[in-house]
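Number of protein chains: 2
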Amino acid sequence: MPRVSQDHLDARRRQILDGARSCFARFGYEGATVRRLEEATGLSRGAIFHHFRDKETLFLALAEDDARRMADVVAEQGLVQVMRNLLAERADTVGEHPAEWLGTRLEVSRRLRTDPDFRARWAERSEQLTAATRARLERQRDAGKLRDDVDVTVLTAFLELVLEGLVSHLAMGLPADDLDVVLDLVEESVRRHRRAGAVLD
Amino acid sequence: MPRVSQDHLDARRRQILDGARSCFARFGYEGATVRRLEEATGLSRGAIFHHFRDKETLFLALAEDDARRMADVVAEQGLVQVMRNLLAERADTVGEHPAEWLGTRLEVSRRLRTDPDFRARWAERSEQLTAATRARLERQRDAGKLRDDVDVTVLTAFLELVLEGLVSHLAMGLPADDLDVVLDLVEESVRRHRRAGAVLD
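Just so you know, the sequences run in chain order X and Y. Following full-length UniProt numbering from start to finish, the first sequence increments by one per residue and tops out at 201. Following full-length UniProt numbering from start to finish, the second sequence increments by one per residue and tops out at 201.
Be aware that one or more of the hints could be misleading.
If you anchor each label on the Cβ, the simulated ranges turn out as follows [stated by the list, open to error]: (1) R45(Y) to L9(X): 51 to 57 Å; (2) S5(X) to R35(Y): 55 to 61 Å; (3) D149(X) to R35(Y): 53 to 59 Å; (4) R36(X) to R14(Y): 40 to 46 Å; (5) V34(X) to H8(Y): 51 to 57 Å; (6) E39(X) to A88(Y): 43 to 49 Å.
In case anyone wonders, no lab produced these hints; they're calculated from the structure. Backbone N, C-alpha and C fix where the C-beta goes; we use that ideal spot for every residue, glycine too.
Pulled out of the complex, with its shape left as it was, chain X reads as follows (with noise of 0.2 Å):
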């Protein structure tokens, strides 16, 4: 048998996730079945579980992935930004499934709920985008252009429940049309104040 090269490796380990991750998001964690993930991936049951060891760790991985992907739009462009992109791909997935992402994310949330050594392994992957928020901000306020009014620690943790909000409501399929200049309105929240008069600008 010739050995199989890194690359080779890679591509077919994105191969499961990128079909993994479709199917999570259409069917569920729970309907996500092994037959349905052959389908979703093209690759037979023992491809996949070679790769991941179950399919608890090949959605870790997945969720993983994604949350690496958001925290560095988040370090370059801020999480409000995440949050416009989400409104975004959702414009473009009308009457579809919701956006892959958001079905990961969604299934997340269900199982923080529902499963408590779930939570344990997700705490430390979720410090990741808390950090990259705080980092963005901490940055921000250096440069003046953040209110000094209120610790980085509460505008943080602001931006991430409104970040829920979103989720929540995107994946109820409730109208968005509105959202995004409820947007500005929490980017304006943890801007630096305008000086009297300002409104006039």
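Using the hints provided, position chain Y relative to the given structure of chain X.
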């Protein structure tokens, strides 16, 4: 057989709703089996389904009941106060099952995602809370307490988004100690802007 009084019927209905609420909160919609509903209410399935056609109808009655109570608090004290109450309830139940109101609401969220028929039936009911929030904000604006540079529709959507986030956050069992201060920030964000220097008040 003696005729059953309206009072008796109301009390029985209330007994079913109260038992069912804790049952749904604890086991979720699917997990709340007829047997468990019997245990939680102390009544037979015959008695339960004499008052409510089926489990779906019972669940909707519960959700409607909660929405009405919430709308009452909103009308009196505003949506931020509803959120503060939610935080306080949580503090009372740490380590136990989530507050029962929260449990029902979570089940509503979950079913909205997965069940289009339920979504349609729920739409009218959730309108109640939006209307109460909006009416309260309009009164606040007339009293000069609300910022007037952002439309009331946007402020309403903002508060509802934060509520969704809070529900989701609490449901996931995440730490909530900082959230009272976050709600201060939320409240301040919809209030009339401070005059320059008011920060020193």
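Comparing the hints with the structure gives:
no.: 1; hint: R45(Y) to L9(X): 51 to 57 Å; verdict: 56 Å, holds
no.: 2; hint: S5(X) to R35(Y): 55 to 61 Å; verdict: 57 Å, holds
no.: 3; hint: D149(X) to R35(Y): 53 to 59 Å; verdict: 56 Å, holds
no.: 4; hint: R36(X) to R14(Y): 40 to 46 Å; verdict: 44 Å, holds
no.: 5; hint: V34(X) to H8(Y): 51 to 57 Å; verdict: 53 Å, holds
no.: 6; hint: E39(X) to A88(Y): 43 to 49 Å; verdict: 48 Å, holds
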